[in-house]
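**Student:** Given next are the chains, with one letter for each unit.
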Amino acid sequence: MFLKARRFSRTRMAAAGLAAVAMLATACGGSDTAGDANKDTLIVYTGQSGDWQLNFNPFSPTQIEGPGTIFEPLFFFNNIRDVEPRPRLGKSFKWNADGTQLDVALRDDAKWTDGQKFTAKDVVFTLDMITKNPAMNGTGYKGVATAVDDTNVSIKFTEPSFMEGPQVLGKIFMVPEHKWKDMSNPSTDVVKEPVGTGPFMLDEFKGQAFTLKANAGYHSGEPALKKVRYLALSGNQSGEAALKAGQIDWQTGPVPDIKDVEKNYPGYKAITIPMNQTALFTCSNAALGCQGPQTDVAVRKAIYYAINRTQINALAFENTASEVSPGAALLERDKDQISAKLQEKTAPMQPDEAKATQLLESAGYAKGSDGVYAKDGKPLAMTLKVVAGWTDYITAVDTMTQQLQKVGIKITAQQVSWNEWSDARGRGEFELLIDALHQGPAPDPFYNASYFYSTATTAKVGEAANPNFSRFSNPAVDAALTALKGVDPEDTAARQPYFDTIQTEIEKSIPYIPVLTGGTTSEYNAKKFTGWPTKDDLYAFPAIWARPEASEIYLKLKPAGQ
Amino acid sequence: MRYYARKFAFYLVALWAALTLNFFIPRLMPGNPVDILMAKLAQRGGTVDPSARRAYELLLGTNSGESLLSQYTSYLGNMFRGDLGISVSSFPTPVSQIIGEALPWTLMLVGIATFLSFVLGIALGAFVGWRRGTWLDSLVPATTVLAAVPYFWLALILVAVLSSAWGWFPLQGGYDVVLWPGWNADFIGSAIYYGTLPALTIVISSVGGWLLGMRNMMVSTTAEDYVLTAQAKGLRDSRIMIKYAARNAVLPSVAGFAISLGFVVAGSIITEQVFSYPGIGSKLLQAVQNNDYALMQGIFLVITVAVLGANLVVDLLYALIDPRTRVSG
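Chains P and A, in that order, give the protein sequences.
Per the UniProt record's numbering, residue 1 is the first one in the first sequence, and the count goes up by one each step.
Per the UniProt record's numbering, residue 1 is the first one in the second sequence, and the count goes up by one each step.
Keep in mind the hints are simulated off the structure, nothing from the lab.
You may find that some hints are simply not true.
In the BS3-like style, the derived pairs of lysine-lysine whose C-alpha atoms are separated by at most 27 Å in a straight line are [unchecked claim]:
| id | chain 1 | residue 1 | chain 2 | residue 2 |
| --- | --- | --- | --- | --- |
| 1 | P | 132 | A | 40 |
| 2 | P | 39 | P | 263 |
| 3 | P | 192 | A | 243 |
| 4 | A | 40 | P | 535 |
| 5 | P | 206 | A | 40 |
| 6 | A | 40 | P | 460 |
The shape of chain A in the complex, shown without the other chains (with noise of 0.2 Å):
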């Protein structure tokens, strides 16, 4: 039992430090979201006149010349009780909102991409492993180099190819805009149509890790001991290679799975970017560029606790599978 409760604890530091460098991190970054907002508007012509620079400052209360140590405390005063604040970019929806909405669109297109690229190179993986030495193994090479080609590279060929030329996907977006979000049929076939390609690039990108990973292991556990004995015993060899081989050789790649998934939530920042997705990750960058504290400290906030949350399920999952790490030394 202390051995959870001092994992615990741990965590709880790690998320309080982590919420303290998302409150300091914002704020020694230069520029500030009011002369943004003036430059923007300086730039569609018009209302920037002198006084609007007044006037934004009253509406987004900057300028109120609080202490940073009050500000601190009333941050985590609000963190504590979820309220994340108002976005000064998207002003004056509030955080929670922006980030309930964008969620979803994200967890499901990175999930779904991450899952399928994780069980499609597990599966490769094992097989160009137990196979090895054989005309299989150039797998290996051919699927690190897609995942070596810079993603943003990878996409827009896909997108010229899949989409522009050919027009089997669409160019980008999340959904048909002609028609209304919600439960039914047309939308979500339409959701997942557009997100295909989006996921497409992710699998294609990301599988050759997780196939080299397990290829590895694979080649190092087919040489351990109860395999020998498994294949003495006259098993059937498909039998040897997923009950004995390959349930070891996958124990790396699940922790390494457990904590991409915490990633997930961070969302691709570019396969959102290239696709116009509506997912955190455009957001993120919306928050960073328009220097909205309360918007970027939100999206941490989640991506801090979805990381730190994995991060925690696999340990004590470890704790389970593994006794030996248990033992406290």
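Extracted from the complex, chain P is given alone in its bound form (with noise of 0.2 Å):
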């Protein structure tokens, strides 16, 4: 995870130089670290740091492993790619005309792992249990299932509910009735003895290490990945020494010198994702209660010409980052959906600084004395939060430190605690702040607008936003996105209007200002196991820690040689 990734720098920094020292010292003496009885094992680094402690309830918030190894969902929608979700436990799937009514046809030969028949009871019994229990319902799945027979199952919607669909059919896991229904709290139950219908099992527990193992009465064939061993260690700074001894063969995270992997990390190989824009997030809207000169979209617009982001991306993310759109949809993934009538295709990576003056000025600004500008008495200065340890967004914090200078405008960044930065955000009591926007379950813009841009997840400052933290409203926005969930997502014209008006209101006013699409990187061992996603065949985001995504890379996986 490139949270945990960002701490201890130094230490990290240490560990780099020394490696030097170690490469020295393995040419003389030289060991295989990697065992026989690993041999067909593949093991992973999720990035969790500590020891497990024993969860495999896939409605947990704190589970540990599950989703898509034990338990399966109906189907696999791949975030990364527009392509036909990949059926599960599900055949097909189709909505009626206003998306209110969802039906499921159902494969007819999955077994649990205790013997019994998947049917679709088992299926109404999951989505009803999460109705009934608020606590497991993280997707806020509101609709009413029945089983028109065994293989059969349809879902009822009061109100037009297509954009429901991927969080429906991919992010809900199926759990057994006949096991789960004498459960008296399923919610905090740690489920210590999975039983599901996916291609892995549990084999064994400990604190240190867990494995699946393959499941051989699996529905579609057993996997030619026979066992995923799950380490626990105590950080990024940790993986990256299990990495160099060869004892993982999978995590996510940068490491030191990106591009040289194959070198550094002989068998090894990185794939690097664009995913999620890295932008200054700015409490804009003055009306819910922001405080600042960032609440003026003439200093919102001034930052976006006046930083230099290709010199940013090299200096603080290896260039591993890419250009973005103005208009937050994914340059690469959304490209038939990214809005013609945007003024600008992409945020331009190199600086205009004449367009920033420009913008302040005719907005009023005058420039004072220190270089500095200033506006009925106030100077132009505004302070930007940053996580202390997260090396990369500080880098970048302060290359746009220095770039703004130039054009004068006065950024002074706020090194915090993680637990201050993540209060700070939710409650908007900031002006600018350094973060990511995240995704949503299916590749669909729509899904990353509705989060960060719509009046329904933000709130007064003072209170959690959830999570539209810049406190952004727009009545414009909130009509497109509410008419978007009931437009079949597969009538591309008829939804193209909506996020047409939603990309150019984005433009406007720039709540989160786009600095650049961060890249996820993972590291993988190509020599131990062939069949990893590339990007040419991206099957699945490649991410350790992303469920199911991880499960569709297993059932691909296949040890070296088969």
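Quick one: dock chain against chain with the hints and give me the complex.
**Tutor:** Shown next, in the form of structure tokens:
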């Protein structure tokens, strides 16, 4: 997890320096650390720090594993490529015309690992259970499911709910009725002996590692990958050490000198996928209580034009980040939905200082004797919060501070603890902060927009926003988001006008000033296993902590030589 | 007897004060556990629908609107009964279970390492102090330099050389994950093997302090009249060094050792971090990062009780050894 990646930067630098010493020493000694016992076992590190605490409940926020591997969803939605959902427990699904009824056909050859048959009743039981226990309902599912027969389920919604599809079909994990119906409190049960339909089952559990093994009775055939072991390490720095020693086969997180992974870690490869937009979050809405110069859209625009994205990418992100759209959609994945009405297709990689100063001057700012713009006697100075230890963001912030100083905007970077930062972000008690915007369950720009730009997900300053932190509120965007819920996602022509509205409105007010699209990097052992996703064949988003994405990758992996 | 009653009363008040601080300090920290869970899930991609927030608030029972005072009284009551609550970061595992699993590892590792560095430091210190003015004096700056080197740096050097390069010791972890934890020779052997390098780093970095203290006390006791008398009696040199000089010189170090035993429970966060060791220090870090109040308080409670307990024992022992401390002013 990149949160943890940024901790202990000094330790990491020390480790990098020592690596050189270690390399010299290995040249003389040389030891083979990959034991024969682990030859067919994929050993992974998820970024979880500290020992494992047993919890295989797929509805628990602190579960350690299960979604996709032990418990399956009905379909797998590839959230990085716009492709048809891949059937898992479902065979096909169909919405009615107004998006209020979803009919799902299930496969008839799936079995729970205790031998019982999987039927439509299990699906109805699972969906009913999370409606009855709001604490388990992390997806906000509000439907009513009925079993038509053993292999058909029909789900009714009270309002048009096309956009709920990927959540219901792809993010709710089916559990067996015969095992779960007698649980006194299913939301807090840790499910010691998980029984699922998935390609893997629990082999053994220990605090320092747990192992999954292939399910010989899996409905689509036993996976070629026989075992997956999850190690407990203390953080990214120890993840790197384990990678160096060849003790783990897959981890997701940056390592120093990413472009030379193949040289530094023989047999390993790295893949970087652009996913979340790094942005300067601004508390933008004075009507909801935001204070500071950044509530003025001219200031936000001036920052947008004054930063040098090429330089930031090189200095802070080892050139793993990529261009970003000013309209809050992903450039590559969402290219079909990107509005032609945007003034700029991508945020400029080179600064336009003349434009920035002109924007400020026409908004009534005048340059003071100290070179900083001011309006009504107040200098154009803002604080920018960044989490202490997140070295790449800190470098980005320092670079931006210098770039903005050139155009007369004064930024003071504040390094704060993660807790303090997330608290300030939630309550809107900040002027600027640096963070990333996350995506939803399916390759659709709707989700990002509905999370970060809708009035329903924001709150007054002082109350926790969930998660519209910039306090952006725009009736046109809200109306477009509501309308999109009632349009069949297949009907791209009917959806486009709404995306046009959302993206152009966002471009006009840029409540989150886009910096770059951040890359998620994984390092994996290509010598031991084949079948990893590549940029040309991105059958799933490659991150070990992504669930159920990781299970799709396990299904494709084969021990080398087979 | 009044002396002992006063001591016990004092420690009771200290315990209450510590418990109260434990309660209030975490609650003054910014952030709340639900936000942290949401952020963690957001990074995994997927289920971060705004509805998840409500689900987690319900699950964790935060936002209950209970007043601070009633939380405080139920907290004290629970602590009194030994009920440390449920951990948020490892929900729904009870805090007592997490501590119970982590504590033995830390006690063994840090306990043995502290004991070894104490014994080693005292023995070397006594010898160096006895032979003051010889080349042995150079041991003092040599070991204090090791103590002054930032601990994580020393640990990383040893890891790079002894584990990564030469492969003598495992890189990280508490035991070979292929084995089952339990009382069998394979597992215990593996736990000792995995614990050797972390223990070695602690010994190397802390032996200097004991050595320096013991050496300097030794120097002052050798100037005492009773040592001179013993020498005049013509006793064997080694006997004077051990029975006369070192025995008196060690007293302050014993007090220091008892106190450091109390801190053994707190573990060594950095050791456990560098070696991914399954102890209480890494749990404390996890608790702080996740605003896991219950786990933080549970660990603080264990540390507080251990430190106070060790101090109490030292106090009582000192009263026995040295009657002067008992005289009330």
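**Student:** Against this structure, judge whether each hint is valid.
**Tutor:** Going through the hints against the structure:
As the CA atoms of residue 132 (chain P) and residue 40 (chain A) are separated by approximately 25 Å, the hinted pair is consistent with the 27 Å bound. For the hint linking residue 39 (chain P) to residue 263 (chain P), the alpha-carbon distance of about 22 Å falls within 27 Å, and the restraint holds. Under the criterion of a C-alpha separation no larger than 27 Å, the hint pairing residue 192 (chain P) with residue 243 (chain A) is inconsistent with the structure, at around 59 Å. A C-alpha spacing of about 26 Å is found between residue 40 (chain A) and residue 535 (chain P), which places the hinted pair at or below 27 Å, so the restraint holds.
For the hint pairing residue 206 (chain P) with residue 40 (chain A), the CA-to-CA distance comes to about 23 Å; that is within 27 Å, so the pair holds. This hinted pair checks out: residue 40 (chain A) and residue 460 (chain P) have alpha carbons roughly 24 Å apart, not beyond 27 Å.
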